[in-house]
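Participant: For the protein sequence lines, the chains are G and B, in the order given. End of the first sequence = 577 in my numbering, gap-free, step of one. End of the second sequence = 577 in my numbering, gap-free, step of one.
One or more hints might be untrue.
The list makes no distinction among identical chains, and a pair is therefore deemed to hold if it is satisfied within one copy or across any two copies.
Derived lysine to aspartate or glutamate pairs resembling EDC-like cross-links, with alpha carbons at most 16 Å apart [unchecked claim]: (1) 415 <-> 563; (2) 398 <-> 386; (3) 34 <-> 424; (4) 34 <-> 77; (5) 399 <-> 333; (6) 399 <-> 448; (7) 267 <-> 539.
If you are wondering where the hints come from, they were derived from the structure by calculation, not from laboratory data. Nothing here was measured: the structure is a model prediction, and the numbers come from that model.
There are 2 protein chains.
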Amino acid sequence: MSGKNEFLPDWANDPPAGGSYRSIFKWGAPDAFKHPNRRLYGMLKEELHLSDDDFRKKRALGNQPVALDLSCGMEPEQVRRFMDISGPENVFSDDYARVKCGTGKTLEEALRLRHGAPVQAPDLVVHPRTAEEIEKIVALCARDGIPAYAYGGGSSVTLGLRPSRGGVCLVMTTHMNRLVRFSEINQTITVEPGMTGPQLENLLNNAPDTLNATRRYTCGHFPQSFEFSSVGGWIAALGSGQQSSYYGDMADLVVSQAYVTPAGAFKTLDYPATATGPKVNDIMKGSEGAFGVIVGATLKIFRYAPENRKRFAFIFPEWEAAVSAARDISQGEFGMPSAFRISDPEETRVAMRLYGIEGTPVDRYLSLRGLRPQNRCLFIGSADGERAFARNIRKKVKKICKRSGAVYITGLPVKKWEHGRFTDPYMREDLGDFGIIIDTLESAVTWEGFHRLHQGVRAFIKSRPRTMCMTHASHFYPQGTNLYFIFIAAMTDLEEYLEFQQGIVEQILKHGGSLSHHHGVGKMTAPWMEAHLGKAQMDVLRALKRHFDPNNIMNPGGTLGLDVADEEKRRLLPGGS
Amino acid sequence: MSGKNEFLPDWANDPPAGGSYRSIFKWGAPDAFKHPNRRLYGMLKEELHLSDDDFRKKRALGNQPVALDLSCGMEPEQVRRFMDISGPENVFSDDYARVKCGTGKTLEEALRLRHGAPVQAPDLVVHPRTAEEIEKIVALCARDGIPAYAYGGGSSVTLGLRPSRGGVCLVMTTHMNRLVRFSEINQTITVEPGMTGPQLENLLNNAPDTLNATRRYTCGHFPQSFEFSSVGGWIAALGSGQQSSYYGDMADLVVSQAYVTPAGAFKTLDYPATATGPKVNDIMKGSEGAFGVIVGATLKIFRYAPENRKRFAFIFPEWEAAVSAARDISQGEFGMPSAFRISDPEETRVAMRLYGIEGTPVDRYLSLRGLRPQNRCLFIGSADGERAFARNIRKKVKKICKRSGAVYITGLPVKKWEHGRFTDPYMREDLGDFGIIIDTLESAVTWEGFHRLHQGVRAFIKSRPRTMCMTHASHFYPQGTNLYFIFIAAMTDLEEYLEFQQGIVEQILKHGGSLSHHHGVGKMTAPWMEAHLGKAQMDVLRALKRHFDPNNIMNPGGTLGLDVADEEKRRLLPGGS
């Protein structure tokens, strides 16, 4: 199938042009790439009914320089006030800065930028240096009715950063990325919100050197965006890392937070648990910039002992057995695996190619064991924690999986997965260059609702001809898990994409899934919030919004559905703009 | 020391007189008792400088019939409306019902009732049958400005039930105690809020018979009030059970809740985790009846496998070593023990007598090993969960404790503790009959703040002559724990007691403890809430209160400090009334 002289597309290998749209929508580091391998390329052609010819000519690359036909709407006098606060060197109003900080990594934004289509932008970009500056900025914004947005790693996939009404974007990663306090006794680290994943883990993994600690630590939070996302963003959007089944979601990891809101600045208390009324620390988590700006956070940390990690991978004969085993593991009370992922048959077929299992003796052995390629499901996982604890998890997992007819295929696929786990998003631009979209939606679900959600959403996606739908569950709880839908299709029309995406969201809700498990809501799925939570619960969030931000200046324009007027809702809904 | 003919007080062994004050303030079942044993009695005399003579004559017993000099302030027309809703057989306005449902189990209330001192009472007691009735009742109360209180097991130790402004008390345990739904697949149980601990555990432990399940289950929530408290109360006051270090606090156990509030009725969603904004399920936890009435709750459940339990007890040579080992265990990442308790030297001396260790060969062996009686600290614990998981916990715990110089004294003391763990509160009436108070306050604290809090609060309590102060930590987290202070003194004057209690609360705050770890706030420590949380956080809670209950009818009069006016604050503060 894969000869040496076989055609391969000319995947982009050069950094985007400086100042270009592409430099904004391209994932990750400018000079880093991850291309579909030969096997995946072959599969794409098969599944999407494409030929090599479809990969000879690239579409719009977005390498043209950013030019915004939206001038800075702020009076020079106002701009000067921001310069007075944060220094003129930290205030920008050029088109590039405004577009860059006004967009995240949703596919919609990528498609718009690729074609130089109109986007919304803040009037001004400010890189504040301290929480005190942010207090002044928020006070100024509140006084003058200027919208304010916080920008961390810029990896939102929910239009969370879209500056619907102009205003000021505060970039937190430039200066506000410092260590505030480390407590080895409490096993916590307090940082500013702009600290990124690698900065945090480097500090913690090398704690004996960097923090004068007796041990090495980890925060245990590894979302796919890990390399390019920040602590503040994780908290604001309630992220979950790829090892959350053991370490917990961001909702679990945040001990306390400091905020600047139009209603004042405060820091929540640091207790491990209290019974002093509803917890303001909980109330702020997931507020997506709509209540105020996170200016500090204290996170739980864990002992870092990669030498204790036990890895395991299995192939199940079919999906129901994999799901049932995953539930049995999650409810087994022997501790949770750390990485923990089951892939449905379609994703498994892709994974077998990506991880190089297809065509190997393992592949043939699986067939001999009666595991049919069309039904096989991949399960990969690992156990962290104390050595015997991790060892016992692997032992119990093996026992449960084997009882379910699964075949153990060693821990090697997990190592492969670990190696590439942060870099898959790079492939989006490769595919986009040839008019192929790859996008995802994810949803929390109880065990009871699992198959209904999977089948319902998958049926909708697959009802579109020549469309791939890969699904996995990757964050586990005794009460349920999440389903992560990845869809790939040859699709270049923005309207068609938006309509398709809207259809998937509606199928998720129709089949009992949540609006999001770990991506947040932003402005993308905000129009469905009230239908999802119900009016009474939305009214609670609105009451909090009114309290913190009575003049609606904090990330306004639909965030969490807090200020979606009927008219605006129509405009926000895909196809409406 | 303990001869057969030695004097022992004539501890009360008869149920309280029917309709009496004593029948209200007495803990637990009317015909159940637990008296101080000979060894404890001897110790009390020593420590409080009392003699047998002090235990010959009983003080006020509170056996007189309840007579309230506060008539029902409700118009007959209004009373009739409540009868129309819940049936006349479920509506009461007699003195006994009003006093019973207007008081909890704080020592202040017990002292008042014992002496027939004035207490506050609701005008009416209603036993609603359904959530729909509660909707009608809350709507009626909202329309007419009638205060409404929810009464579960009546075990509040924070004046949580005090009906400061008359109104209607809703008793939830009479009818609203039903199973709503059991999901073995999701490992959840949905119940009405009036279900008590034993009702819940009986259902779950016998699930194959009662719920047609394939396994037995447990909720894992065992507060000391277990036998006489209800699910709704646990959630409202954010309780923690004695095995919370493994099973989690009530804050962790609640998957979703249904509420009736003046702003409407709603049910939060059932997902195991979501990223759809701040979680209303979290916002409602700990609201202590001030936002609305809990009418249903879905709780996590766990596999019930008592055969897997591993028990362990140790004696540490001194407190610092015990605390340090407890922290090492909590941060050791091999899973958490289930029961987990370390006692300071004074509590250890009491425990050695209670559990019959003093004077035994074990006692002599400890002395031989150099563990001095004045410094010894008891550690008791157990591990639940899957068999090898539990076994590994015991193994690691032993290793850590031995490294700290502790001596293993088998699992027997844990069995003794398990046997009596719900019954210690019965001793309060025994002591009260002879003018001795026993009371508790508890506080969450980080590991960093542990010793400062222990020393500061203990010093204050011990500065009162002839006062015992026993302290333990019993709910553990990697980031900290709680400290539970038990104080015993010969004290009959209510004002003196209130002043002393106020002093302890102030020392807790002064030394960095939280206002409560698992008892809640109620109206007792409400006056300190703003000083504790800060104005900005209190303003968040007040904004929620305004939203849910704009006319302040839900458990008004100071709950959580939400409606403590300056004047009222003074009145509420001990010594002010």
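Participant: With reference to the structure, classify each hint as holding or not holding.
Facilitator: Here is how each hint holds up against the structure:
Taking the closest pair of Cα atoms, residue 415 and residue 563 never come within 16 Å of each other, the shortest separation being 45 Å inside a single copy and 57 Å across copies. For the homomeric pair residue 398 and residue 386, the shortest alpha-carbon distance between copies (15 Å) is at most 16 Å, but the shortest distance inside one copy (18 Å) is not. Taking the closest pair of Cα atoms, residue 34 and residue 424 come within 16 Å of each other only inside a single copy of the chain (7 Å); across copies the shortest separation is 65 Å, beyond that limit. Taking the shortest Cα distances, residue 34 and residue 77 never come within 16 Å of each other, neither inside one copy (46 Å) nor across copies (77 Å).
For a Cα distance limit of 16 Å, the shortest separation of residue 399 from residue 333 inside one copy, 14 Å, qualifies, whereas the shortest one across copies, 22 Å, does not. Taking CA atoms no more than 16 Å apart as the test, residue 399 paired with residue 448 passes in neither setting, with 23 Å inside one copy and 41 Å between copies. Only between protomers do residue 267 and residue 539 lie at most 16 Å apart by alpha-carbon distance; the minimum there is 13 Å, versus 25 Å within a single protomer.
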